[in-house]
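As you go down the protein sequences, you meet chains A and B in turn.
To convert, note that position 221 of the first sequence is 221 in my numbering; the numbers rise steadily by one, no gaps.
To convert, note that position 190 of the second sequence is 190 in my numbering; the numbers rise steadily by one, no gaps.
There may be inaccurate statements among the hints.
As the list claims (entries may be wrong) - Result set (EDC-like, lysine to aspartate or glutamate): computed pairs, CA atoms no more than 16 angstroms apart in a straight line: (1) A:Lys126 - B:Asp154; (2) A:Lys102 - A:Glu91; (3) B:Lys128 - B:Asp244; (4) A:Lys128 - A:Asp154; (5) B:Lys177 - A:Asp79; (6) A:Lys147 - B:Asp154; (7) B:Lys107 - A:Asp180; (8) A:Lys177 - B:Glu194; (9) B:Lys163 - B:Asp79; (10) A:Lys107 - B:Asp180; (11) B:Lys128 - B:Asp154; (12) A:Lys107 - A:Asp86; (13) A:Lys107 - A:Asp154; (14) A:Lys14 - A:Glu210; (15) A:Lys113 - A:Glu34; (16) A:Lys177 - B:Asp154; (17) B:Lys147 - A:Asp154; (18) B:Lys126 - A:Asp154; (19) B:Lys14 - B:Glu210; (20) B:Lys163 - B:Asp230; (21) B:Lys177 - A:Asp244; (22) B:Lys14 - B:Asp230.
I should point out that these hints are in silico values taken from the structure, not numbers from a laboratory.
Residues per chain, in single letters:
Number of protein chains: 2
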Amino acid sequence: MSAATPDTPTGGIKVLAFDIFGTVVDWHGSISDEVNALNLHGRGGRVDGGEFALAWRAGYQPAMRRVMSGELGWTLIDDLHRMILDDVLQEFQITQLTDVQKQDLNKVWHRLKPWPDAVAGLLRLKTKHIICTLSNGNIGLLTNMAKRAGLPWDCILSAEVFKAYKPHPSTYLGVAKVFDLPPSDVMLVAAHHEDLAAARACGLRTAYIERPLEFGAAKIKNVSPQAGNDFHSKNLTALADILDCA
Amino acid sequence: MSAATPDTPTGGIKVLAFDIFGTVVDWHGSISDEVNALNLHGRGGRVDGGEFALAWRAGYQPAMRRVMSGELGWTLIDDLHRMILDDVLQEFQITQLTDVQKQDLNKVWHRLKPWPDAVAGLLRLKTKHIICTLSNGNIGLLTNMAKRAGLPWDCILSAEVFKAYKPHPSTYLGVAKVFDLPPSDVMLVAAHHEDLAAARACGLRTAYIERPLEFGAAKIKNVSPQAGNDFHSKNLTALADILDCA
Numbered sequence: 001m002s003a004a005t006p007d008t009p010t011g012g013i014k015v016l017a018f019d020i021f022g023t024v025v026d027w028h029g030s031i032s033d034e035v036n037a038l039n040l041h042g043r044g045g046r047v048d049g050g051e052f053a054l055a056w057r058a059g060y061q062p063a064m065r066r067v068m069s070g071e072l073g074w075t076l077i078d079d080l081h082r083m084i085l086d087d088v089l090q091e092f093q094i095t096q097l098t099d100v101q102k103q104d105l106n107k108v109w110h111r112l113k114p115w116p117d118a119v120a121g122l123l124r125l126k127t128k129h130i131i132c133t134l135s136n137g138n139i140g141l142l143t144n145m146a147k148r149a150g151l152p153w154d155c156i157l158s159a160e161v162f163k164a165y166k167p168h169p170s171t172y173l174g175v176a177k178v179f180d181l182p183p184s185d186v187m188l189v190a191a192h193h194e195d196l197a198a199a200r201a202c203g204l205r206t207a208y209i210e211r212p213l214e215f216g217a218a219k220i221k222n223v224s225p226q227a228g229n230d231f232h233s234k235n236l237t238a239l240a241d242i243l244d245c246a
Numbered sequence: 001m002s003a004a005t006p007d008t009p010t011g012g013i014k015v016l017a018f019d020i021f022g023t024v025v026d027w028h029g030s031i032s033d034e035v036n037a038l039n040l041h042g043r044g045g046r047v048d049g050g051e052f053a054l055a056w057r058a059g060y061q062p063a064m065r066r067v068m069s070g071e072l073g074w075t076l077i078d079d080l081h082r083m084i085l086d087d088v089l090q091e092f093q094i095t096q097l098t099d100v101q102k103q104d105l106n107k108v109w110h111r112l113k114p115w116p117d118a119v120a121g122l123l124r125l126k127t128k129h130i131i132c133t134l135s136n137g138n139i140g141l142l143t144n145m146a147k148r149a150g151l152p153w154d155c156i157l158s159a160e161v162f163k164a165y166k167p168h169p170s171t172y173l174g175v176a177k178v179f180d181l182p183p184s185d186v187m188l189v190a191a192h193h194e195d196l197a198a199a200r201a202c203g204l205r206t207a208y209i210e211r212p213l214e215f216g217a218a219k220i221k222n223v224s225p226q227a228g229n230d231f232h233s234k235n236l237t238a239l240a241d242i243l244d245c246a
């Protein structure tokens with residue numbers, strides 16, 4: 001049988017492409033911690049880091065839509081994060097930060113911490129597969145994050161390479177094209193069903209990763225399985241078990 | 001002082017961007033060995049692997065010039081290598097290869113072996129710097145090569161990302177832009193003075209690496225220092241010494 005119609009569910013998968021924010025790293029916990037450490041004050045007194053993180057992240061999809069609709073020209077996530085940060089600081093009525101401090105806070109996205117299973121899981125998955133990022137984060141952000149966190153990518157792919165943001169098909173199909181493979185030899189690994197559905201529509205295989213704490217302990221995420229995904233896994237070491245990576 | 005005007009020659013260098021073919025891997029030796037093992041026959045009897053390698057590589061710069069002049073649309077190195085291979089097979093009057101064998105031979109560029117010092121040197125350089133490729137090779141080629149050879153890149157950058165081939169300024173300046181750094185915080189490491197000169201014209205720092213055997217033992221390369229480079233080094237472990245990387 002050809003690689004596109006494998007004998008087994010795990011057969012023929014050559015490249016694992018990973019969503020990053022929420023799937024591999026804990027954006028909510030990392031940002032909460034840094035914001036709490038800054039001891040910011042605004043509108044309602046001391047700023048809650050968790051609420052700040054949620055507000056910042058809430059601006060993410062709308063900002064990317066402005067780019068993909070053509071309202072904004074091609075803009076890196078670093079710059080979109082800064083635009084959203086300025087809005088959130090205004091919304092929270094936080095005035096105590098200098099511009100240098102804002103620039104540094106914006107780089108918190110380069111310093112996001114991996115979920116506890118991520119590095120161990122990736123090291124195992126890497127023994128049998130090419131492992132790469134497929135994130136809307138820019139290349140510099142993803143490289144700084146990987147170096148700091150010890151994420152052992154074989155290759156860093158990003159919306160920046162394809163000049164399109166997920167869920168645009170150019171991103172998913174771009175991974176297959178980079179490696180000169182049929183889309184079914186590539187599997188997207190993500191904690192977000194919409195991302196996986198868009199990848200599946202392009203012919204990629206899909207693995208859902210449960211991240212119930214993505215939005216913090218106060219807002220537990222529903223991580224129920226959905227039909228259509230090839231695999232449903234608790235975390236990345238469990239995915240290594242499923243894919244039989246020692 | 002600012003990073004752009006460092007106190008010391010090695011100060012402020014944050015990213016090391018590496019040329020690959022000839023600098024990090026031995027294209028001539030790797031291709032010679034594979035071609036000799038194929039035991040090809042043509043025009044003058046048994047084909048000499050070293051001569052075949054030189055002929056293949058000789059088509060490289062002209063092919064890229066056809067892309068950069070606009071005569072050819074954007075074309076990946078894998079495809080340029082295949083076009084040149086077909087010409088070389090004809091020139092050598094080699095008719096014994098099937099199309100599948102030609103496809104496999106073309107992928108020898110994904111299997112090039114590192115110079116003996118490369119992996120050890122990169123591991124040391126990586127402790128203090130972001131280390132990335134800056135090659136005209138495509139991303140898939142560079143990723144396959146790195147995985148096979150154990151080249152520990154933090155990030156794989158390629159002409160494919162910038163849609164321009166070196167020595168176009170977009171490639172050198174592209175590295176600085178990806179990492180949001182002034183060009184002087186980036187150093188190109190290469191075994192080719194023209195590549196280094198083009199990088200220097202863009203404001204990057206430069207390190208020349210001696211590779212006297214790049215074209216094989218029968219055609220020793222002049223590796224004399226040239227003015228203008230920040231560093232001149234025997235190999236990558238010697239560069240790690242110079243840059244004080246333990």
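Here is how each hint holds up against the structure:
Between Lys126 of chain A and Asp154 of chain B the CA atoms are separated by roughly 15 angstroms; this keeps the pair inside 16 angstroms, and the hint holds. With a CA separation close to 15 angstroms, the supplied pair Lys102 of chain A and Glu91 of chain A stays within the 16 angstroms bound. For the given pair, Lys128 of chain B sits about 9 angstroms from Asp244 of chain B by alpha-carbon distance, which is consistent with the 16 angstroms threshold. Annotation: proposed proximity of Lys128 of chain A to Asp154 of chain A holds, straight-line Cα distance about 12 angstroms (limit 16 angstroms).
Distance restraint check for Lys177 of chain B and Asp79 of chain A: the Cα-Cα separation of roughly 13 angstroms lies within the 16 angstroms cut-off, and the hinted pair is therefore satisfied. At roughly 7 angstroms between alpha-carbon atoms, Lys147 of chain A and Asp154 of chain B fall within 16 angstroms of each other, so this suggested pair holds. Our distance criterion of 16 angstroms between C-alpha atoms is met by Lys107 of chain B and Asp180 of chain A, whose separation comes to about 12 angstroms. Distance check on the hinted pair: Lys177 of chain A and Glu194 of chain B sit about 31 angstroms apart at the alpha-carbon level, beyond 16 angstroms; violated.
In summary, the hint linking Lys163 of chain B to Asp79 of chain B is supported, as the alpha carbons are separated by about 15 angstroms, within the 16 angstroms threshold. A distance of roughly 12 angstroms separates the Cα atoms of Lys107 of chain A and Asp180 of chain B; the hinted pair therefore holds under the 16 angstroms criterion. Of the supplied pair hints, the one linking Lys128 of chain B and Asp154 of chain B holds, its CA atoms being roughly 12 angstroms apart against a limit of 16 angstroms. For the proposed pair Lys107 of chain A and Asp86 of chain A, the alpha carbon gap of about 13 angstroms is at most 16 angstroms, so the pair holds.
Annotation: proposed proximity of Lys107 of chain A to Asp154 of chain A is violated, straight-line Cα distance about 23 angstroms (limit 16 angstroms). For the suggested pair Lys14 of chain A and Glu210 of chain A, the alpha carbons sit about 22 angstroms apart, so the restraint of at most 16 angstroms is broken. Proposed proximity of Lys113 of chain A and Glu34 of chain A is supported: the alpha carbons are some 11 angstroms apart, at most 16 angstroms. At roughly 22 angstroms between alpha-carbon atoms, Lys177 of chain A and Asp154 of chain B are farther apart than 16 angstroms, so this suggested pair is violated.
For the proposed pair Lys147 of chain B and Asp154 of chain A, the alpha carbon gap of about 7 angstroms is at most 16 angstroms, so the pair holds. For the hint linking Lys126 of chain B to Asp154 of chain A, the alpha-carbon distance of about 15 angstroms falls within 16 angstroms, and the restraint holds. Simply put, Lys14 of chain B and Glu210 of chain B have alpha-carbon atoms about 22 angstroms apart, too far for the 16 angstroms limit, and the pair is violated. The suggested pairing of Lys163 of chain B with Asp230 of chain B is violated, with an alpha-carbon distance near 28 angstroms, which exceeds 16 angstroms.
A distance of roughly 40 angstroms separates the Cα atoms of Lys177 of chain B and Asp244 of chain A; the hinted pair therefore is violated under the 16 angstroms criterion. For the hint pairing Lys14 of chain B with Asp230 of chain B, the CA-to-CA distance comes to about 15 angstroms; that is within 16 angstroms, so the pair holds.
Of the numbered hints listed earlier, those contradicted by the structure are 8, 13, 14, 16, 19, 20 and 21.
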